[in-house]
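Student: Each chain, letter by letter, is given below.
Number of protein chains: 4
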Amino acid sequence: MATGKSSGGRGARFAVALDPAAAALNASSHFDNRLLNDDVRGSQAHARMLAARGLISGADADTIVAGLDRVCQEFVSGARELDPALEDIHMNVETRLIELIGEPGRRLHTARSRNDQVATDMRLYARRSALELVSEIDRSRLALYRRAREHATTLMPGYTHLQRAQVVTLGHHLMAYAEMLARDRGRLVDAERRAAESPLGSGALAGTGLPIDRAATAAALGFGAGPTHNSLDAVSDRDFAAEIAFACALACVHLSRLGEELVLWSTTEFGFVRLGEGYCSGSSLMPQKRNPDIAELLRGKPARAIGDVVALLTISKGLALAYNKDLQESQEPLYDAIDTAKLALACCPG
Amino acid sequence: MATGKSSGGRGARFAVALDPAAAALNASSHFDNRLLNDDVRGSQAHARMLAARGLISGADADTIVAGLDRVCQEFVSGARELDPALEDIHMNVETRLIELIGEPGRRLHTARSRNDQVATDMRLYARRSALELVSEIDRSRLALYRRAREHATTLMPGYTHLQRAQVVTLGHHLMAYAEMLARDRGRLVDAERRAAESPLGSGALAGTGLPIDRAATAAALGFGAGPTHNSLDAVSDRDFAAEIAFACALACVHLSRLGEELVLWSTTEFGFVRLGEGYCSGSSLMPQKRNPDIAELLRGKPARAIGDVVALLTISKGLALAYNKDLQESQEPLYDAIDTAKLALACCPG
Amino acid sequence: MATGKSSGGRGARFAVALDPAAAALNASSHFDNRLLNDDVRGSQAHARMLAARGLISGADADTIVAGLDRVCQEFVSGARELDPALEDIHMNVETRLIELIGEPGRRLHTARSRNDQVATDMRLYARRSALELVSEIDRSRLALYRRAREHATTLMPGYTHLQRAQVVTLGHHLMAYAEMLARDRGRLVDAERRAAESPLGSGALAGTGLPIDRAATAAALGFGAGPTHNSLDAVSDRDFAAEIAFACALACVHLSRLGEELVLWSTTEFGFVRLGEGYCSGSSLMPQKRNPDIAELLRGKPARAIGDVVALLTISKGLALAYNKDLQESQEPLYDAIDTAKLALACCPG
Amino acid sequence: MATGKSSGGRGARFAVALDPAAAALNASSHFDNRLLNDDVRGSQAHARMLAARGLISGADADTIVAGLDRVCQEFVSGARELDPALEDIHMNVETRLIELIGEPGRRLHTARSRNDQVATDMRLYARRSALELVSEIDRSRLALYRRAREHATTLMPGYTHLQRAQVVTLGHHLMAYAEMLARDRGRLVDAERRAAESPLGSGALAGTGLPIDRAATAAALGFGAGPTHNSLDAVSDRDFAAEIAFACALACVHLSRLGEELVLWSTTEFGFVRLGEGYCSGSSLMPQKRNPDIAELLRGKPARAIGDVVALLTISKGLALAYNKDLQESQEPLYDAIDTAKLALACCPG
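Residue numbers (this note's numbering), protein chains in the order written: chain R, 1 to 350; chain H, 1 to 350; chain U, 1 to 350; chain G, 1 to 350.
Everything labelled a hint here was simulated from the structure, so no lab data went into it. Glycine residues also receive a C-beta, built at the ideal position from the N, C-alpha and C atoms. Possibly wrong hints are sitting among the right ones.
Quick list of simulated restraints, FRET-style, between CB atoms [what the hints assert, rightly or not]:
#1 H:Gly276 - R:Gly58: 52 to 60 Å
#2 U:Ala219 - G:Arg274: 42 to 50 Å
#3 R:Tyr145 - H:Gly209: 24 to 32 Å
#4 H:Met156 - G:Arg146: 35 to 43 Å
#5 H:Met156 - R:Gly58: 37 to 45 Å
#6 H:Phe14 - G:Asp83: 53 to 61 Å
#7 U:Asp69 - G:Asp138: 41 to 49 Å
#8 R:Pro287 - U:Thr268: 23 to 31 Å
#9 G:Arg146 - U:Gly224: 27 to 35 Å
#10 R:Val16 - H:Glu132: 50 to 58 Å
#11 U:Pro20 - R:Tyr145: 50 to 58 Å
#12 H:Val16 - U:Gly224: 43 to 51 Å
#13 R:Pro287 - U:Val273: 53 to 61 Å
#14 G:Asp138 - R:Arg70: 47 to 55 Å
Given the sequences, and given the hints that come with them, work out the whole structure.
Tutor: Now the structure itself:
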């Protein structure tokens, strides 16, 4: 842990390359590239802490921080492409850093393992995404409030069992969705808060004997709840991914109800709304048609998000402590659930 | 809404009985009977509020409250069995109440619909169950702490990829599970808090014109967050069920990791533990065997709980507002997830 | 394997009873009781084979067969209740058999283990259920054909995106469902055929050294594809459960589409059908309402069946060979999926 | 249907472009590009049939067929990139075809709609993939047979409950996996056969009045079971996707069992195998380690495939006939399940 050597991907130690089929199964840089910014931020905080504790020199830390900025900029700008042979984003960043700054780049892994690094990156990404979803929800809720106020006295049939029951206002109806989104918001805020513990310093599984300052890296990275309490748990915990994906799936379920209603309301039979062409498709065969494609997609989107929740819960089932490679599989469903909820919220009509 | 008549099951209005196949699909008293206590509590609070508001007489309220106590006692004691022909627990309670106390029993449905009644009952049940799970988790965590303290210096191999990595203590290892359970606790507490809004007064979908006191029933039933804000949402919202089931599923996933470890540790090859006979089965063919059945069941239990989460999310997908009968399907997966988590937690070794 | 002793539940060997919480987790007689008939049939075939091979006497076999008939009759008639303390249906049958016929009852377990016995019972049950579902589907298809013929010239709007597209006939529309059910039928037939291999003789995991006749028991029990080929696989395979549950879930999905259409068609807005009172509920508050409860339940039922598929796939994930107790968890989701499909098919309007 | 005009994406008719958020939700060319070959094949068969029936001229058909070859070659070679603004692969192909060959390109849509076209493309892709998986399974089974023969007398402990039970041979143990794969093969073959009906000619939902020859296109495209029977069903059926995904998920479950065993066997405690470096990763911190990454990924892969099955079943739940845009969501989970099974099978050790 205390060595200045690269923590290494698999390539670091073995003479033999991965079997090609194995390499295909193992590859992750096509999805973990979205951790780039968080990986760099996490490493910069770690380097500064190492310097503050005298574990590396201040000059080394400055070189590392500047080098990481440059690596990040190269990848983001497209000046440099990720090398899939380096398997993942972490090895890509690390390898390029060492190319650029040499020996100090190797010292970055002092008192850090790939296991606590990945856990940190994923939490940073997940927390950031949860907060972005909260903003997107707030935007949607505001739009719903406005639209509801406009229709505070617009009468419409209220339904149970899709049978007309009592008269309600469209404003009241729309505010039902604002309520659902308010709960979704609450779940995301709770999940983000619960994820706000820093795994850095957990090492591969058992921490480190070096005098690191976990509180400092936690604070620098905005982990408001401080460092995680147990290193074995910290490197193998993906609860935050499952919890955020669940919140995303439920938000998609809510929007799917709105999607269904928009599909219904835009039928000839209901005839309550005429959707804008910017949300529909037509048919050359039947030029009178205006198909509510976007509302239908809103209705269909929960399916994949529910699948993501299943994947995330299933991955950790029956997994012995601590880190196991199976956990690599927890990234894609998390990203898909977040992306799906974002796409759906962006289409939420107000 | 203001009428004193029974809100009725389907039988209340139609001359024709349900087709037998339809009745089989429709029946719910074999599972919603667990709402008995909550149904009675909810109705008693409602009756007292009606009297306080002058919507029924104080004498009627007293008669209703006492009558409901008696109905409940009859069913709980087994003196009376539920009649499946009455479809659900609510009709069973109501019918028996009217048998016992006559006309005042009909007044119980003043300003209440089956839709807000069911939503209230389910929330009461779900919240209570969540808190029971919290207690069970606290008991498990305490047991883990104690055991961890005993083994604060017991050395064992720490694993990543199930390969021996660094030496840890058994105490440290056990505390990883205490951390997982602490997060599970947090999720249940959050879910319970979010569910603590009272749907009573939402009517079938559009509230009631009668001068009821929603804050009073909310307070009487311990809904700390007061009445729900939107009646259309309140009668069709089952988020609380999905959220609690998710928390249960994740807790089961955590315990399944412990289950896997106990299975591994009790193998000849690992040989770390010898499970007590009270948690094992034997084999007459191979008398040397001690099979870790309970640990295996702990490992297997998340499967059904994940299935329950899927069911709960899927039921509400694409459902137009407000109440739809599909929501009846949200009861069993909720109950199964709660039961499963309770059974698993009760077996959590400390 | 060759001993005449009971293969025993856990109680057979250990002095210590299961811990109460463990017993609650372990109990299965409340669901595996539906294997009663298949357990008895399987044991009778086994006993007759043992006699034919001279492994037990013909008189013993006769006594066992008659005794099992009596045990079965006692439980089916309700003259005797299952004892939950005996954990499962198999121990209940075996214990009662030995009470009734004494020593010969113990010889039933010659060359058989609980593992191949349970696998056989479940396959018998699953195959039988699949064929019952096929019959139910055929009934539904016939009803659809008849109704379609009646409406061979009844015009209605054909929809895409729920927008009116081209005119079709109601007969053509109904026949779309007959097509879906024909595929469901095919899947069930394929699943039944694939399940028609007999695990009997696989022993606990490694077969038996006794000169049993696996082909004979396979034939006697209608396993058309003969004995299974690999004993380790045979005792740990629950593919048939997952495959049948999947076929059930997809059938429920098809019926849910019909459910949605019936809900739509019975709205005021569409007004295409007026559902019979035998399939609806009313409302005392809104006497004009006729709520399509059964159609809504048809729409909602796939949720649980999808959950069952998830449970069944998840249980076997990452399970080392051969039998593990986790597999006990594969019974309930299978039964639930079968029951759900049966209930839904029985309500399929023709 | 009979017009020679483009069947059009949404852009064909509306003056207004999709709202940007809607366009993001709607985009599919980043995943449906894998239908390129099947789309071209399907269109070529359709064009030849139109000419044979005299619905277009032979010269037009030749021009279309050659043009489609060129379009395909341009996209495959990378000479031309897909334009995301054209939304999907079909519009990309069609637009480029018309650019290249002019008016005849527009005649390709005579008697065809996007709905039957997409259904045909997806079936072609799914069937081809199922057969590729069958080949991959056969390769794996052969490898298992060979390895099993080598180890026909290699003794090892047989396990139940992960407790040593009876001695078996490694050959026998490996053949258990060959059995599982044989069932997976059977499921894929059945699914492929069931999918071998051609939707071409179903039009948007109601067929076409033109004298097309559905049997001819079915035969040309290898749809051995001929044309589909019901047009409403044909354009809205995605059973084949769910069924193949299910078969993939179950195959992944089987391989995950092998993955778990390889993880166990390569532990210090079991010590049965030493995995080749080409399937492992190392650790610079702990140079003695050889982490079984590939076996762990095999163990983890079913999670996503189960999620895919959930998504596919959920998408069609409660969907009114006939085509709805929700069905676009059925592509990605199908592709993911197929890819996952292929990747896992390619790593299946023999």
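Student: With reference to the structure, classify each hint as holding or not holding.
Tutor: Cross-check of the supplied hints:
1. H:Gly276 - R:Gly58: 52 to 60 Å: Taking Cβ atoms as reference, Gly276 of chain H and Gly58 of chain R lie about 57 Å apart, which means the hint holds.
2. U:Ala219 - G:Arg274: 42 to 50 Å: holds (46 Å)
3. R:Tyr145 - H:Gly209: 24 to 32 Å: holds (25 Å)
4. H:Met156 - G:Arg146: 35 to 43 Å: holds (40 Å)
5. H:Met156 - R:Gly58: 37 to 45 Å: Hint holds: Cβ distance 40 Å, inside 37 to 45 Å.
6. H:Phe14 - G:Asp83: 53 to 61 Å: holds (59 Å)
7. U:Asp69 - G:Asp138: 41 to 49 Å: For Asp138 of chain G against Asp69 of chain U, whose Cβ atoms are near 47 Å apart, the range 41 to 49 Å holds.
8. R:Pro287 - U:Thr268: 23 to 31 Å: Taking Cβ atoms as reference, Pro287 of chain R and Thr268 of chain U lie about 29 Å apart, which means the hint holds.
9. G:Arg146 - U:Gly224: 27 to 35 Å: Because 30 Å falls inside the window, the suggested range holds.
10. R:Val16 - H:Glu132: 50 to 58 Å: Because 54 Å falls inside the window, the suggested range holds.
11. U:Pro20 - R:Tyr145: 50 to 58 Å: Given about 54 Å between the Cβ atoms, the range holds.
12. H:Val16 - U:Gly224: 43 to 51 Å: Because 45 Å falls inside the window, the suggested range holds.
13. R:Pro287 - U:Val273: 53 to 61 Å: Roughly 30 Å apart at Cβ, these two residues miss the hinted range, so it is violated.
14. G:Asp138 - R:Arg70: 47 to 55 Å: holds (51 Å)
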